[in-house]
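Given the coordinates of chain A, assemble chain B onto it according to the supplied hints.
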Amino acid sequence: GQQVMQIPQYQHVQEGEDFTTYCNSSTTLSNIQWYKQRPGGHPVFLIQLVKSGEVKKQKRLTFQFGEAKKNSSLHITATQTTDVGTYFCAGPLRSGGSNYKLTFGKGTLLTVNP
Amino acid sequence: DTGVSQDPRHKITKRGQNVTFRCDPISEHNRLYWYRQTLGQGPEFLTYFQNEAQLEKSRLLSDRFSAERPKGSFSTLEIQRTEQGDSAMYLCASSDLGNEQFFGPGTRLTVL
Chain A
14 GQQVMQIPQY QHVQEGEDFT TYCNSSTTLS NIQWYKQRPG GHPVFLIQLV
64 KSGEVKKQKR LTFQFGEAKK NSSLHITATQ TTDVGTYFCA GPLRSGGSNY
114 KLTFGKGTLL TVNP
Chain B
354 DTGVSQDPRH KITKRGQNVT FRCDPISEHN RLYWYRQTLG QGPEFLTYFQ
404 NEAQLEKSRL LSDRFSAERP KGSFSTLEIQ RTEQGDSAMY LCASSDLGNE
454 QFFGPGTRLT VL
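For the record, the sequence lines run as chains A and B.
Heads up, the first sequence is in our numbering, so the first residue is 14 and it goes up one at a time.
Heads up, the second sequence is in our numbering, so the first residue is 354 and it goes up one at a time.
Keep in mind that a hint or two might mislead.
Distance windows between CB atoms, simulated [to be verified]:
#1 E80/A / P423/B: 44 to 50 Å
#2 K70/A / D360/B: 33 to 39 Å
#3 Q22/A / K424/B: 26 to 32 Å
#4 T429/B / G54/A: 21 to 27 Å
#5 A91/A / D360/B: 38 to 44 Å
Which residues of chain B face chain A? A few of them, derived with a C-beta cut under 7 Å, are [unchecked claim]:
#6 G369
#7 E453
#8 F456
#9 G459
To be clear, the hints were calculated from the coordinates, so they are not data collected in a lab.
This structure is a prediction, so every number in the text was calculated from the model and none was measured.
Glycine included, every Cβ here is placed at the ideal spot set by N, Cα and C.
Pulled out of the complex, with its shape left as it was, chain A reads as follows (with noise of 0.2 Å):
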């Protein structure tokens, strides 16, 4: 069916490491966006891209969606380990579905060893 995947599922890094997060649709979206859940805690919306090959940045955060808009990335330049928690994108597949029945990745988990 209908999915959202994200790679990789686990990753830990040093402080001060750069981090990236891969998610691939298998349809195009309307709009795809990133949420962050630090352990124990609820997701925190974090961005909503819309437009084809749209970047944002937010300080150390780097978000792009892709040309073909099924696939988008989020960067961290220097990790801090305020950045622990798990990163999840979503998108609204559609198929009859409406542009807010959003659809998760499984997430990746970022460790950070200070």
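Okay, now just chain B, sitting in the frame of chain A:
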């Protein structure tokens, strides 16, 4: 705190019992969503309301699950005849006109 709230935060029940969870969205958010999350997985969509109307329901949701949002404000999710496979974190989220969803802290259900 004006965020999304959920009650209870934890629920332990025996197999076969009914349970009901409550979600209070951010006031004036007209969309409300229920998700289920198990360990190592992303949130899985269950159902979605716009005001009091339930507009979409996952095919994964069996007829033991029912959700309501009677006055377009708070919502309840009921699970009848619980099974061990229902054990999960049940998350509620709300949104306004935009797509950004604000999640509550969740209700962790354990079915013994």
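Quick rundown of the hints versus the structure:
no. : hint                       : in the structure
1   : E80/A / P423/B: 44 to 50 Å : holds, 45 Å
2   : K70/A / D360/B: 33 to 39 Å : holds, 38 Å
3   : Q22/A / K424/B: 26 to 32 Å : violated, 42 Å
4   : T429/B / G54/A: 21 to 27 Å : holds, 23 Å
5   : A91/A / D360/B: 38 to 44 Å : holds, 40 Å
6   : G369                       : violated, 29 Å
7   : E453                       : holds, 5 Å
8   : F456                       : holds, 4 Å
9   : G459                       : holds, 6 Å
Violated hints for the displayed structure, listed by number in ascending order: 3, 6.
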